[in-house]
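Based on these hints, arrange chains B and C with the ligands on the given structure of chain A.
Protein chains in written order, with the numbering used here: chain A, 1 to 798; chain B, 1 to 161; chain C, 1 to 301.
Take the hints with a grain of salt, since some may be wrong.
Subject to a maximum C-alpha distance of 25 angstroms in a straight line, what follows is the list of computed BS3-like cross-link-like pairs (lysine-lysine) [stated by the list, open to error]:
#  : chain 1 : residue 1 : chain 2 : residue 2
1  : B       : Lys129    : C       : Lys202
2  : A       : Lys734    : A       : Lys665
3  : A       : Lys665    : C       : Lys202
4  : A       : Lys425    : A       : Lys492
5  : B       : Lys129    : A       : Lys734
6  : A       : Lys15     : A       : Lys28
7  : A       : Lys612    : A       : Lys560
8  : A       : Lys486    : A       : Lys560
9  : A       : Lys492    : A       : Lys612
10 : B       : Lys129    : C       : Lys106
11 : C       : Lys15     : B       : Lys3
12 : B       : Lys3      : B       : Lys13
13 : A       : Lys596    : A       : Lys560
14 : A       : Lys4      : A       : Lys562
15 : A       : Lys486    : A       : Lys4
16 : A       : Lys425    : A       : Lys15
17 : A       : Lys665    : C       : Lys15
18 : C       : Lys106    : C       : Lys202
19 : A       : Lys734    : C       : Lys202
20 : C       : Lys224    : C       : Lys255
21 : A       : Lys425    : A       : Lys486
22 : A       : Lys95     : A       : Lys347
23 : A       : Lys560    : A       : Lys492
24 : A       : Lys486    : A       : Lys596
25 : B       : Lys13     : A       : Lys30
26 : B       : Lys13     : A       : Lys28
27 : A       : Lys612    : A       : Lys596
28 : A       : Lys665    : B       : Lys129
29 : A       : Lys486    : A       : Lys612
Cβ pair distances, simulated, as ranges [unchecked claim]:
#  : chain 1 : residue 1 : chain 2 : residue 2 : range
30 : A       : Gly156    : C       : Ala172    : 52 to 58 angstroms
31 : C       : Arg33     : A       : Asn223    : 58 to 64 angstroms
32 : C       : Arg33     : A       : Leu151    : 51 to 57 angstroms
33 : A       : Ala80     : B       : Val57     : 38 to 44 angstroms
34 : C       : Ala258    : A       : Asp709    : 37 to 43 angstroms
35 : A       : Leu151    : B       : His72     : 55 to 61 angstroms
36 : C       : Arg250    : A       : Ser304    : 56 to 62 angstroms
37 : A       : Gln437    : C       : Ala297    : 27 to 33 angstroms
38 : A       : Glu102    : C       : Gln156    : 58 to 64 angstroms
39 : B       : Val57     : A       : Ala137    : 31 to 37 angstroms
40 : A       : Gln130    : C       : Met168    : 27 to 33 angstroms
Just so you know, these hints were derived from the structure itself, not from any lab.
Where a beta carbon is used, it is the ideal one built from N, C-alpha and C, also for glycine.
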Amino acid sequence: MNQKTGDNLRYVAHKRRVREDRRFVTGKGKFVQDVALPETKHAAVLPSPYPRARILAIDTTAAEALEGVAMVLTGQQMAADCNPIRLGLKLPEVKWYPLAVEMARYAGEWVAIVVADNAYIAEDALELIQVDYEPLAPIIDPEQAFAETDLFVHPGHGSNVLYHGNFLWGDVDGDFATADDSLTFRARWGRSSTVPIETFGALARWDEGTEILDIWASIQMPNFVELLANTLGYPLNSIRLHQDVDVGGSYGVKRGIKQSVLVGYLSRKLRVPVRLIEDRLVNMAGGDAHGPDRIFDTDVAFNSDGIIKSLKIRALDDAGAYPGRAPFQLAKPISAIVGPYTINSVKYEAISVATNKTGQVPVRGFGQAPTNYMIEMAVDTVARHLNLDRLEIRRRNLIPSDAFPYQIPSGSNYDSGDYHTVLQKGLDLARYDELLQRRDRARAEGRLAGIGIATCLEPGGGNNIFEYLMDPTAEITTFMEACEVKVDPQGKITGMMGTTTSGQGHETLFATILGEELEFDPDLIRIVHADSLSALPTRSPVASRMAIMLGGAATGAAGKIKDRAMAIAAFNLDLPVEDLEYSGGTISDRNDPSRKLTWAEICFIAYRAYHKLPPGMEPGFHAQYVFQVPGGGQLPDAQNRVQIYPCFSFQAHVPYVEIDPGTGKVSVLDYAIAHDCGTVINPDIVRGMVIGGLAHGIGAALYEKFSYDGEGQFLSATFADYLMPSVHEIPDVKDVEHCTPSPLTSHGQKGSGEGGYLGAPAAIASAVNDALHPLGLSITELPMRMSEIEALINNGPG
Amino acid sequence: MSKREITLSINGKTHTGAIEPRVSLLDFLRDEVGLTGTHVGCEHGVCGACSILLDDVPIRSCLMLAVQADGHAVTTVEGLSNQDGSPGALQDAFQDAHGMQCGYCTPGMLISAQALLADNPDPSVDEIKDAIGGNLCRCTGYVQIIESIQLAASRLREAGQ
Amino acid sequence: MAREDATGVSVKAAKFDYILAESVEEVVATLDRGDGEAIVIAGGQSLMPMLAMRLATPAMVIDINNIAHLSGIDVRADEAVIMACTRQATALASPQVQARLPLLAKAISYVGHQQTRNRGTVGGSLSHADPASEIPLAALTMDARVSLASASGTRQVALADFFLGPMMSARADNEILLSVHFPLGSNDTRMGTAFHEVSERKGDFAVVAAAAQIQLDANGLCSKAALAIGGVDGVPRRITGLEARLLGSRIDQDKIRAALPEIANAITPGDDQHASAAYRRRVAGVLAERALLEAVAEAEQ
Ligand code: FES
Ligand code: FES
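Same shape as in the complex, but just chain A (with noise of 0.2 angstroms):
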């Protein structure tokens, strides 16, 4: 790819508005709850109370009875109508439909549904519902699943284990063996998501003329419309997916399969447009939107001049009752299983079980925030061990610059970083000398104080060959990403993407770059996505890769457009197209500038003067590109090693803390962060992602959780529960940004949407630990919850 960077650029890396904005700040967003249609029916859920019961009757009849009702719904006459939904590994013996048939497997699974002529009839007639239960004991912790011989949350699979694997990569027993030391440690990912502020909410409409499905959600992943297919028996260009609509947060999870499925079926029945807006408590008790929660076992060797050898780690993950496409992630964290450091081998065991709790998607960072946190607590713990500075441990296995491209031993090649410099930039904003200071006096007058450091990796771009590497039968290897751009007769450009946006800016981005590339004000050039029936293929905005993949279609077809320009005016001015020169549209002879053809004159003809079109070329102005990811297509080599991401982003965190050490509170002070994501297409897009998912790391760090008591019901359905941080838990950050461009990408771009994710819940917990080390403290599990802490400084029980 021919690579624009540097000051080069004109609207790449300026300061310049978010397009999006300004519908937002005027109250003009169009959110799925938005959207309204005559004659919508409103549906609400009846979840169920027991995290594993038998379902052994439902009497609808009273709350079909009620005034304003239309339908009510339970699990068994809807499996009747459509295909259990496709899960992402081959599990036929795990079947997940939209409500549950003859048996809930976690407390808040949606039992029936109710459709009415407005959300408050709906609630009323789910009182009316009466279902006779045989509640069962449930699985509810992970290690117990596993072990477990006959107690099974799906018993036609046999066993509660989704997935098993092995990896080994290098010499491990040979480098265990010869390093001089090695230790053993635990680390706990709490339980947690991304828990947007606007839940998952679809809206269905079926079409008896046209015979179409047209869906209005809040939906991430424009894919789902296969899924969705599937599961209702329909062919898939009777589905019209529109994704003109807002999307208020993802971060991964927003994939309401269950929910659409639900909303098209009652649609198509009921002839009239049915919504299904999740409300708070239903979507985080039943929304099948949980996160990673896992437990790892890591053995870890080491030279004892912290040289770091070799990794044995072992995690297991629970991913509820429902996994989806929860077991991948699992797999995603192979693409940097050893970090930024120069770790020799690595032996990789993953596994996933089903318990009885609410279902785990893909979250930010798909699987990366839990594995960075475990591969930081590994240096740290060596440091510790060795008495060495945290610092210092990192500089002697951090990547060298000059390393670059540099294979890490389960095969990706890491496209570029400068890790050194950037953890050094990290340190100086920081002020890390008077950070020191401030901690040590802190300490000195009796307060509990510390300093995190964590220097992590964000993966970006994609490629689900993951997929592959937990079931070879997958043999999916195209992960693409496409654009089209059209010039109309007036000159005016349009670019047309094929997925929604839900807050990353991708039309400030499209139209960012395609004014780059084509040298027009990217605030003339208007964006629109397609719906899911004129989309070209996407493999929607996940993996940190929008910026590397969307850039890289949006930069292509912007190519394809200036050749097409290029090939009239070398028609019409009869001159070789090497003669001719490109300028904001305008196209000259290099040695005579005054001929020339303008833009205007090239829309002209490509419109209207078919005799003046070079012999062969179709009339009209526009362009698509289909971009594949860099170094995607490859399977794995006979030691599973294989390039996942094409690109790895950076980050060196420093925040500092200090503990309360009467309450176990934590207060995080102060917070520094340097990161490199390669060119920055919009720098307040790329801060507001990086400052974000930091915020979201300090929650998953200290604050959330769904939690779960001893007997499967779950605790966390509410805002004041479950616990996202507030402006007042988050302390004033200072960023740097660095730029290392990668050598793959259009504009030397990298992945930035998992941002401060993927680093902050490591950084954190470094610094409690600090702040806890003088005590010979530390704590393994996150979030750190201030009476945990305090049990462990006060000794009593938790």
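Just chains B and C with the ligands now, with coordinates in the frame of chain A:
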């Protein structure tokens, strides 16, 4: 349990409607009046996405019945724009400092900020934090929101001089 | 087995009838007729979520926001009276409250957020009787009394007798809370107050909270001590045993520490997902000590 007739001023316009007493002011504004700028985040009073001004005071519209707004003046995010619908000064500052990502919490943030700046043209960071402390944002980490409010404050102060 | 209530069944209130009351007489008459099925709404900051989640399903909601004389703050010679419908924000901003009822002002600054304080009322918070909420804790510490009215008359109840359990109080279904009465000490004593709480996020309900109000005589000896802890029992708890041990003494850290074990006898904390009972026990002592020290320091100034 029949419907009640209510009359209130919404963004300066008088609105009359008939609603069941159990309907929240939030649902009334969105579903009956069609002002969808006010958002639904939790419906139990924690997230602040539903914030509006009631007689110029910021409150949560999910924690009030629509019938209780009878005779009062409500301002929603739509009411912060200029007469011609273009963004007002505060809204402009949020654009310039990119005080949002997905835009879902944004109306609530703007309402809280509007009330703050009406009383306090030169707020400190702590005062800004107190003003938006009851508005959750999942996207931004709040930093650019605080900067947006500071920018609006400084512009409004300059304009006032 | 019949259906049981599940997490997350409702966010839309069940049907109810509504009146906007114009007088207390109308309220109490309606409550009387309501036979336990009528409920008063003031600021609604606690009641609205309960209605939405259908934890409360009254047949009738009586709105008292229009009864003008139910709002207001009146400082008299020996007591300060806050009418039930006075907004928390109004009380917090009131110079009279800040000057004469400093503990209440300190407590309210921890209540919720600006938007909820703008609507939430002092009386509503007391009526709701949440054992972890701040206003009941402060008012209990201040020996406040509440006036309750019903169709058969008005009575006053000391807060020490008012709270009966989580969300349960001595207010009968047919009574409305009219006002809160805070006794005012004489001006020749030196008073200090402090409010401490720990919650995971600012503005959340307290996991544990401690309120202290201390009076010192001219010699610097404790002439009155009040300490109450919230979040550690079904009701906010006065720690009278501890108070008695401080009375008459010159309070210092050693004195306080010696008296702290009294707390353990007075409270029965429970476990929940936010903190264990053991945590609440230990932190009750920590916050009590901090609040007492701060109150004494303030009184000594
Ligand atoms: S929707 Fe009103 S506070 Fe969340
Ligand atoms: S901008 Fe998305 S929640 Fe605040």
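Q. Quick check: which numbered hints come out false for this structure?
A. 4, 17, 21, 22, 33 and 39
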